[in-house]
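Asker: Chain by chain, the residues:
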Amino acid sequence: MDATTRQRIEELLATSPIFVFMKGNKLMPQCGFSNNVVQILHSVGVPFETFDVLSDAEIRQGIKTFSDWPTIPQVYVKGEFIGGSDILIEMYNSGELREKLEVALAS
Amino acid sequence: MVHPDQVKAAISLAMPDAQVEVEDLTGGGDHLQVTVISAAFDGLTRVKQHQLVYGALRQELASEAIHALALQTSSPA
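From first to last, the protein sequence lines stand for chains W and E.
Heads up, the first sequence stops at 107 in the numbering used here, and the numbers go up one at a time, no gaps.
Heads up, the second sequence stops at 77 in the numbering used here, and the numbers go up one at a time, no gaps.
Extracted from the complex, chain E is given alone in its bound form:
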């Protein structure tokens, strides 16, 4: 499992401008709801937007420390 703050820190490191919210859905640290708002998403498809975030969390996902990640991405209005 990972702490939601670690996830937030990993995304913020990769995407310094992003507004990141991480919610632990079960309290177990492996089912997370993540919302990311960043200008880096401008003009990208949803797949590419999510790939940016997954890239920041590569290690946690590969080790299956995060089992389930519900992800919502958008650019600032």
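In isolation and in its complexed conformation, chain W is listed as follows:
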């Protein structure tokens, strides 16, 4: 990943405490896993921003290097990668997600 791509990713992450790199957008997710993440965040009722990796090949590859994570979607809280669809589902079911997001938004 080149420095420009890394900088663009960091700038995107800075736009919102909760940020999702996904396929498609909130209204039209283009993959079941991306859709899971959007539905979970809607259900917790928190504000979040998204980036459609299908619109940008550099970011699509770069984000995998950035987090050392091979798949999309990727959810970030305050710039920290917290997981993809499976981890979000587990954290949602255990109540850990709501707690983490509330703390992030309160601080």
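It is worth saying that the hints were derived from the structure and are not from the lab.
Small disclaimer: the values here were computed from a predicted structure and weren't measured.
By construction, the Cβ of each residue, glycine as well, lies at the ideal position given by its N, Cα and C atoms.
Take the hints with a grain of salt, since some may be wrong.
As the list claims (entries may be wrong) - With the C-beta cut set under 7 Å, the calculated list includes, among others, these residues of chain W facing chain E:
hint: 1; residue: 79
hint: 2; residue: 86
hint: 3; residue: 87
hint: 4; residue: 106
What the hints assert, rightly or not - Pairs of lysine-lysine residues, derived as DSBU-like cross-links and limited to a Cα-Cα distance of at most 35 Å, are as follows:
hint: 5; chain 1: W; residue 1: 26; chain 2: W; residue 2: 100
hint: 6; chain 1: W; residue 1: 23; chain 2: W; residue 2: 64
hint: 7; chain 1: W; residue 1: 78; chain 2: E; residue 2: 48
hint: 8; chain 1: W; residue 1: 100; chain 2: W; residue 2: 64
hint: 9; chain 1: W; residue 1: 100; chain 2: W; residue 2: 78
hint: 10; chain 1: E; residue 1: 8; chain 2: W; residue 2: 64
hint: 11; chain 1: W; residue 1: 64; chain 2: W; residue 2: 78
hint: 12; chain 1: E; residue 1: 48; chain 2: E; residue 2: 8
hint: 13; chain 1: W; residue 1: 23; chain 2: W; residue 2: 78
hint: 14; chain 1: W; residue 1: 23; chain 2: W; residue 2: 100
hint: 15; chain 1: E; residue 1: 8; chain 2: W; residue 2: 100
hint: 16; chain 1: W; residue 1: 64; chain 2: E; residue 2: 48
hint: 17; chain 1: W; residue 1: 100; chain 2: E; residue 2: 48
hint: 18; chain 1: W; residue 1: 78; chain 2: W; residue 2: 26
hint: 19; chain 1: W; residue 1: 26; chain 2: E; residue 2: 48
hint: 20; chain 1: W; residue 1: 23; chain 2: E; residue 2: 48
hint: 21; chain 1: W; residue 1: 26; chain 2: W; residue 2: 64
hint: 22; chain 1: W; residue 1: 23; chain 2: E; residue 2: 8
Could you slot chain E onto chain W? The hints should help.
Answerer: Chain E only, in chain W's frame:
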């Protein structure tokens, strides 16, 4: 596509102590459900646990031979 047995073998090679189950969700070999139980996960965050498994499957994921991998990791009780 990859055969579920190849996925199981790749994970077992990287994590010899692990109990691994691989289920092919569609029969097409590219949507897999993988469960891994290993003492190597002790004390690691979920992200780090999953990264260990992804590391074992780097080649299959990079080539997109595996499109979707539902992953569950845990340490032995």
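Asker: Sort out whether residue 64 of chain W lies within 35 Å of residue 8 of chain E, counting only the CA atoms.
Answerer: holds, 23 Å
Asker: Given the hinted pair residue 8 of chain E and residue 100 of chain W, is their Cα-Cα distance within 35 Å?
Answerer: Measuring from Cα to Cα gives roughly 33 Å; hence the hint holds.
Asker: Taking the closest Cβ pair, is residue 87 of chain W under 7 Å from chain E?
Answerer: holds, 5 Å
Asker: Are the Cα atoms of residue 26 of chain W and residue 48 of chain E separated by 35 Å or less?
Answerer: Roughly 27 Å separates the two Cα atoms, so the pair holds.
Asker: Do the alpha carbons of residue 23 of chain W and residue 100 of chain W lie within 35 Å of each other, as the hint requires?
Answerer: Given that 35 Å is the threshold and the Cα spacing comes to 24 Å, the pair holds.
Asker: Is residue 78 of chain W within 35 Å of residue 26 of chain W, Cα to Cα?
Answerer: holds, 19 Å
Asker: Within a Cα-Cα threshold of 35 Å, do residue 26 of chain W and residue 100 of chain W meet the stated pairing?
Answerer: The given pair, whose Cα atoms are some 21 Å apart, holds under the 35 Å limit.
Asker: Between residue 100 of chain W and residue 64 of chain W, is the straight-line Cα distance small enough, at 35 Å or below?
Answerer: holds, 23 Å
Asker: Can the restraint linking residue 100 of chain W and residue 78 of chain W be considered satisfied, given a maximum Cα separation of 35 Å?
Answerer: Holds. Residue 100 of chain W to residue 78 of chain W sits at ~11 Å (cutoff 35 Å).
Asker: Take a quick look at whether residue 64 of chain W and residue 48 of chain E sit within 35 Å of each other, Cα to Cα.
Answerer: holds, 14 Å
Asker: Holds or violated: residue 23 of chain W with residue 64 of chain W, Cα cutoff 35 Å?
Answerer: Holds, at roughly 13 Å.
Asker: Is it true that the CA of residue 26 of chain W sits at most 35 Å from the CA of residue 64 of chain W?
Answerer: Holds, at roughly 20 Å.
Comparing the model with each earlier hint shows violations of hints 1, 4; every other hint is respected.
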